[in-house]
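Residue-level listing of the chains:
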Amino acid sequence: MKGLEHILQEHTFFAGLAPEYSALVAGCARNHRFNAGDYLFREGESANEFFLIRHGKVALEIVAPGQTPIVFATLGEGEIVGAAWLVPPYCWTYDARAVELVRAIGIDAACLRGKCEADHHLGYEMMKRFLPVFVKQLQATQLQILDVYGKR
Amino acid sequence: MVLESAFPAAALPDPFFPQAYRVGSSRRELPDTVTLEIVPLVGRRPAFSPGQFNMLYVFGVGEIAVSLSGDSADAAHFVHTVRDVGAVSKAITKLESGATIGLRGPFGVGWPVEAAQGSDVVIVAGGLGLAPLRPAIYHILANRAHYGQVTILFGSRNPHDMLYRHELEQWRQHLDISIEITVDHADAGWRGNVGVVPALIPRATFDPHSTVALICGPEVMMRYTVRALHEAGVMPERIYLSMERNMKCAIGLCGHCQFGPAFICKDGPVMQFDKIAGIFAIREV
Numbered sequence: 001m002k003g004l005e006h007i008l009q010e011h012t013f014f015a016g017l018a019p020e021y022s023a024l025v026a027g028c029a030r031n032h033r034f035n036a037g038d039y040l041f042r043e044g045e046s047a048n049e050f051f052l053i054r055h056g057k058v059a060l061e062i063v064a065p066g067q068t069p070i071v072f073a074t075l076g077e078g079e080i081v082g083a084a085w086l087v088p089p090y091c092w093t094y095d096a097r098a099v100e101l102v103r104a105i106g107i108d109a110a111c112l113r114g115k116c117e118a119d120h121h122l123g124y125e126m127m128k129r130f131l132p133v134f135v136k137q138l139q140a141t142q143l144q145i146l147d148v149y150g151k152r
Numbered sequence: 001m002v003l004e005s006a007f008p009a010a011a012l013p014d015p016f017f018p019q020a021y022r023v024g025s026s027r028r029e030l031p032d033t034v035t036l037e038i039v040p041l042v043g044r045r046p047a048f049s050p051g052q053f054n055m056l057y058v059f060g061v062g063e064i065a066v067s068l069s070g071d072s073a074d075a076a077h078f079v080h081t082v083r084d085v086g087a088v089s090k091a092i093t094k095l096e097s098g099a100t101i102g103l104r105g106p107f108g109v110g111w112p113v114e115a116a117q118g119s120d121v122v123i124v125a126g127g128l129g130l131a132p133l134r135p136a137i138y139h140i141l142a143n144r145a146h147y148g149q150v151t152i153l154f155g156s157r158n159p160h161d162m163l164y165r166h167e168l169e170q171w172r173q174h175l176d177i178s179i180e181i182t183v184d185h186a187d188a189g190w191r192g193n194v195g196v197v198p199a200l201i202p203r204a205t206f207d208p209h210s211t212v213a214l215i216c217g218p219e220v221m222m223r224y225t226v227r228a229l230h231e232a233g234v235m236p237e238r239i240y241l242s243m244e245r246n247m248k249c250a251i252g253l254c255g256h257c258q259f260g261p262a263f264i265c266k267d268g269p270v271m272q273f274d275k276i277a278g279i280f281a282i283r284e285v
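Chains as they are written, first to last, in my numbering: chain D, 1 to 152; chain U, 1 to 285.
The set of hints was computed from the structure by calculation and includes no laboratory data.
For each residue, glycine too, the CB sits at the ideal point set by N, CA and C.
Mixed in with the good hints there might be a few duds.
Quick look at which bits of chain D chain U covers, simulated, 3 or more residues with Cβ under 8 Å [as the list claims (entries may be wrong)]:
1) 61 to 74
2) 141 to 150
Listed next, the stretches of chain U that the computed footprint assigns to chain D, with coverage defined by at least 3 CB atoms under 8 Å from CB atoms of chain D [as the list claims (entries may be wrong)]:
3) 97 to 110
4) 183 to 197
Generate coordinates for the entire structure from the input sequences, incorporating the hints supplied.
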């Protein structure tokens, strides 16, 4: 059976991470399984953990009182769920729901933040990996709000 | 404008003379979008290549360019999918079976479906952009053995605005093509992807060095798609876009559709990205 460290190294997000850093990250990691309809986290909860999807699809959604939840993104294999763990007050601002069976690695946020603080090289490695994800999400959001398929 | 019906349509005696066609059927795809099958009153319809367009003329209203969206191998009629966005397109969407319509064409440069043989093909469509790509998809499916991995990525505004939904479901049944659909927004009842269509590219499986990409959709969506393909390793000369400008004469004379040194009607609408990369993002062009 593959260990967490090996699984992390095979995950797209951590591809090429130095073995010593993989070991550090693996020390904060644990396996998760979410059935369809389970929530990885809910809006307002503390962002204690973020997730690397190994299998399955996760819907990110926002709920307005009395209305059906609106899905604004879906994420799949090889992608990361959650960035709020990086930014105070470390609180989720949307729900993350498993659309189908999801297998994921959860990374304990406080644990990894502590290791990044202690070793800034590790922190920089993490930032270099997270920043492109944020930029891509921002660009996708820009395109989404343009409503390009609407009538001009 | 004089309606010319004395000559067989295939003869194309004068590119400025509309030929008389009859609406064989009209099917509502979406509340503002219809698909028409039209047949020549005289003779057979001219041959066309996937990606080409016709000028459709509603008598007393005007003429617009509309991409062909049917199967080029089906010689019985032309198929056009039209969205009601202006006076002429509105009139077209209101045409019923048996109505007469003027047609000039086909015109323009189409998708490189022959040159793409032997390559992986990634087709990226956004919204109504699926219509000009549908003839290329028909061609590739009919000649499937001549292509490598075939991937269709389709983006729509929401699940209700999805063009050719029934056909997308049929294509999904093909085991030898990969098809991914995404919508910009959905409620929790939608089990598919949510997000913009360029975001599907990193998730798709293809060999970037032997891939030909065909893109059609709103220009902003195509810009983002080209970037995503570039990041995936697809070279500019292997990326083709269907461009859209205000076409009038359709034969490169009037200049209404000028795009830098080219005319979209004559040198396009399908254009190789490396040929237009320098002017693609210039807003004044």
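Structure-based check of each hint:
1. 61 to 74: holds (count 8)
2. 141 to 150: holds (count 7)
3. 97 to 110: violated (count 0)
4. 183 to 197: As far as the region 183 to 197 of chain U goes, the hint holds, because 13 residues have Cβ atoms under 8 Å from chain D.
When each numbered hint is compared with the structure, a violation occurs for hint 3 only.
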